[in-house]
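Protein chains: 2
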Amino acid sequence: MKDLGASCPVPFGRYDRIVLGHGSGGRLTANLIRDLFMPALGGEILSRLEDQAVCPVDLPAGARLAFTTDSFVVRPIFFPGGDIGSLAIHGTVNDLAVGGARPLLMSAAFILEEGLPLEELARIAASMRAACDRSGVQLVTGDTKVVDRGKGDKVFITTSGIGVVQPGVSLSISSARAGDRLLVSGPVGDHGIAILSVREGLEFETQLVSDSAPLADLTRVMLEACPSIACMRDPTRGGLSSALNEMAAASKVGVKLQETAIPIRPSVVAACEVLGLDPLYVACEGRLVAAVGEADAERLLELVRSHPLGRDAALIGRVVEDHPGIVTLLSRAGGERVVSLLSGEQLPRIC
Amino acid sequence: MKDLGASCPVPFGRYDRIVLGHGSGGRLTANLIRDLFMPALGGEILSRLEDQAVCPVDLPAGARLAFTTDSFVVRPIFFPGGDIGSLAIHGTVNDLAVGGARPLLMSAAFILEEGLPLEELARIAASMRAACDRSGVQLVTGDTKVVDRGKGDKVFITTSGIGVVQPGVSLSISSARAGDRLLVSGPVGDHGIAILSVREGLEFETQLVSDSAPLADLTRVMLEACPSIACMRDPTRGGLSSALNEMAAASKVGVKLQETAIPIRPSVVAACEVLGLDPLYVACEGRLVAAVGEADAERLLELVRSHPLGRDAALIGRVVEDHPGIVTLLSRAGGERVVSLLSGEQLPRIC
Numbered sequence: 072m073k074d075l076g077a078s079c080p081v082p083f084g085r086y087d088r089i090v091l092g093h094g095s096g097g098r099l100t101a102n103l104i105r106d107l108f109m110p111a112l113g114g115e116i117l118s119r120l121e122d123q124a125v126c127p128v129d130l131p132a133g134a135r136l137a138f139t140t141d142s143f144v145v146r147p148i149f150f151p152g153g154d155i156g157s158l159a160i161h162g163t164v165n166d167l168a169v170g171g172a173r174p175l176l177m178s179a180a181f182i183l184e185e186g187l188p189l190e191e192l193a194r195i196a197a198s199m200r201a202a203c204d205r206s207g208v209q210l211v212t213g214d215t216k217v218v219d220r221g222k223g224d225k226v227f228i229t230t231s232g233i234g235v236v237q238p239g240v241s242l243s244i245s246s247a248r249a250g251d252r253l254l255v256s257g258p259v260g261d262h263g264i265a266i267l268s269v270r271e272g273l274e275f276e277t278q279l280v281s282d283s284a285p286l287a288d289l290t291r292v293m294l295e296a297c298p299s300i301a302c303m304r305d306p307t308r309g310g311l312s313s314a315l316n317e318m319a320a321a322s323k324v325g326v327k328l329q330e331t332a333i334p335i336r337p338s339v340v341a342a343c344e345v346l347g348l349d350p351l352y353v354a355c356e357g358r359l360v361a362a363v364g365e366a367d368a369e370r371l372l373e374l375v376r377s378h379p380l381g382r383d384a385a386l387i388g389r390v391v392e393d394h395p396g397i398v399t400l401l402s403r404a405g406g407e408r409v410v411s412l413l414s415g416e417q418l419p420r421i422c
Numbered sequence: 072m073k074d075l076g077a078s079c080p081v082p083f084g085r086y087d088r089i090v091l092g093h094g095s096g097g098r099l100t101a102n103l104i105r106d107l108f109m110p111a112l113g114g115e116i117l118s119r120l121e122d123q124a125v126c127p128v129d130l131p132a133g134a135r136l137a138f139t140t141d142s143f144v145v146r147p148i149f150f151p152g153g154d155i156g157s158l159a160i161h162g163t164v165n166d167l168a169v170g171g172a173r174p175l176l177m178s179a180a181f182i183l184e185e186g187l188p189l190e191e192l193a194r195i196a197a198s199m200r201a202a203c204d205r206s207g208v209q210l211v212t213g214d215t216k217v218v219d220r221g222k223g224d225k226v227f228i229t230t231s232g233i234g235v236v237q238p239g240v241s242l243s244i245s246s247a248r249a250g251d252r253l254l255v256s257g258p259v260g261d262h263g264i265a266i267l268s269v270r271e272g273l274e275f276e277t278q279l280v281s282d283s284a285p286l287a288d289l290t291r292v293m294l295e296a297c298p299s300i301a302c303m304r305d306p307t308r309g310g311l312s313s314a315l316n317e318m319a320a321a322s323k324v325g326v327k328l329q330e331t332a333i334p335i336r337p338s339v340v341a342a343c344e345v346l347g348l349d350p351l352y353v354a355c356e357g358r359l360v361a362a363v364g365e366a367d368a369e370r371l372l373e374l375v376r377s378h379p380l381g382r383d384a385a386l387i388g389r390v391v392e393d394h395p396g397i398v399t400l401l402s403r404a405g406g407e408r409v410v411s412l413l414s415g416e417q418l419p420r421i422c
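Chains as they are written, first to last, in the working numbering: chain A, 72 to 422; chain B, 72 to 422.
Bound-form chain A, shown alone:
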């Protein structure tokens, strides 16, 4: 077979869809990397095409590495405010950021279903590059596998990330302390409802857009201003409720939320009513919740509100000694109820 792709009028040789051969490790794989992934994603290290990236990393004495991974299986793969590519970069960047790390290096592994249009894959790759640039990270290594039609779902992406945690920085979900205030960086539930509105074909007066965004700059600003912050989490799958339940359980503290203080867009409230969902369980992909000392709380709120990704930040409750491991909500009507960990599945394949 002649070497396809280089001088063909169609963008990716004679193929416009993924075939099993694109996962062979042979010529078709090489062409896919050369003609699609490299133009979109290739930096200096990735372009070496070694089986591993070897990178100089400045790790000062006492600094530690942060390492994280996430698979993304979101359906549909394109949605208002993003796609599976940008989501896969932001999600992993955010897991590093809320650990107090500065994200540096990323990997991306693709599981492609036979039949995926190459044009869609190219859009996803371009979106990943933009997300990397916005997040200040370098994609340095990757992998591509192909599964037969009906054994995958268009594309799954697994990203892993490496970051550096400076000496003295130590964040953990087990470090919330009674007396801390809880700060959320913006309205919750946008991502989940944006996905569902596409999936269910719902239309609302204003288009709902995912909040998918990289939080590393926001966490950097927060930690520089207030190095004593000890506990952050980004509420993704399972929403704010899961993040706070995990925090309460790990820190052996109680959490008391005030319903009226939690920022939720009216369109998200409306969609949740239509769909029978509780917005506290709906995923965000560009928000964080932090437990911060009472003395710093108001100052930090102002700071977060001055950041483009924190304009609608709010203080939504307190960490308490009572009922360790349990999250309660003081409702609009004045009653108090337990906000438990989600039992089953509310929204499959939201990320």
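These are computed hints drawn from the structure, not numbers from a lab.
Fair warning: this is a prediction, and the values are worked out from it, not measured in the lab.
Mixed in with the good hints there might be a few duds.
No copy labels: a pair is met if it fits in one copy or bridges any two.
Subject to a maximum C-alpha distance of 16 Å in a straight line, what follows is the list of computed EDC-like cross-link-like pairs (lysine to aspartate or glutamate) [to be verified]:
1. 225 / 190
2. 327 / 392
3. 225 / 191
4. 327 / 365
5. 225 / 87
6. 323 / 392
7. 327 / 407
8. 327 / 393
9. 323 / 393
10. 222 / 185
Once you've looked at the hints, dock chain B against the given chain A.
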């Protein structure tokens, strides 16, 4: 729903198969992690259940990080000599090892299909743990997603790995030099044929077993004895042929192989004849090929043969100035033919 799993007579609560709720990020996900993944995989860092692992890493001045990722979609998930779990650990360990790195930290991200028996997942997790222990790496972070029935294929695993490359060590597939001898650490094609024999229900006189194994100790021994080794690769997808074609292209050299020198088990030769395959294109998962200086070649061969994973090592050819980018084979009969990069797909989902 009551908290399942802790005191139930069946191993994983009332579920014996994966349901969508296991990917919710809520209680079922937490139970799966607590009852299945932690008992098998949990080390000190993983057990913290943060969204990121924060690890002290000793990175001497001048040392660099190696970083790699691979998705594994092998079918069937259990095969003679291994399973998707051990394969996913060995594969990523090997990509670090052939880059001259000492593998240290691993991540694992699971994409589970609704309906996967939990008993199978538990076996896979146990196998991953054994492979980590054998490889000297720590699994420190992970992720679990669930896709609906018919949108995946039992289980896909993406592993990423971090290793340390000591100062002075620099390996690259672009560093083979004319005059180098080519050393392969053992018989080629075992893994691919072991998979195919299960898939096709073939029976042979002797059972074919995958060569899946971690190469980090072998590469350490080789590099300590011969720090001038500049080029190694593990021939996985696409087999020995793809690895050498990539080396020839990247190093702008030619490769001349001698067919009679290449170790291939008689059972693999026989299976390839039945299946119409060329063993040079069949995957290994525990072999490496290295380009080594003429002066060191014989000494290194003896050393590799004294290692448990290199007993059948052989010198199989030479790097030459002629025909850069092209691999040729001097056949048993005395003729010379080009061994080109595989065009399409010979063996889908072999790893």
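Hint check results:
no., hint, verdict
1, 225 / 190, "within (12 Å within a copy, 28 Å between copies)"
2, 327 / 392, "within (10 Å within a copy, 73 Å between copies)"
3, 225 / 191, "within (9 Å within a copy, 25 Å between copies)"
4, 327 / 365, "within (14 Å within a copy, 72 Å between copies)"
5, 225 / 87, "within (14 Å within a copy, 28 Å between copies)"
6, 323 / 392, "within (8 Å within a copy, 67 Å between copies)"
7, 327 / 407, "within (9 Å within a copy, 77 Å between copies)"
8, 327 / 393, "within (9 Å within a copy, 75 Å between copies)"
9, 323 / 393, "within (10 Å within a copy, 69 Å between copies)"
10, 222 / 185, "both (9 Å within a copy, 12 Å between copies)"
Against the hints set out earlier in the document, no violation occurs for any number.
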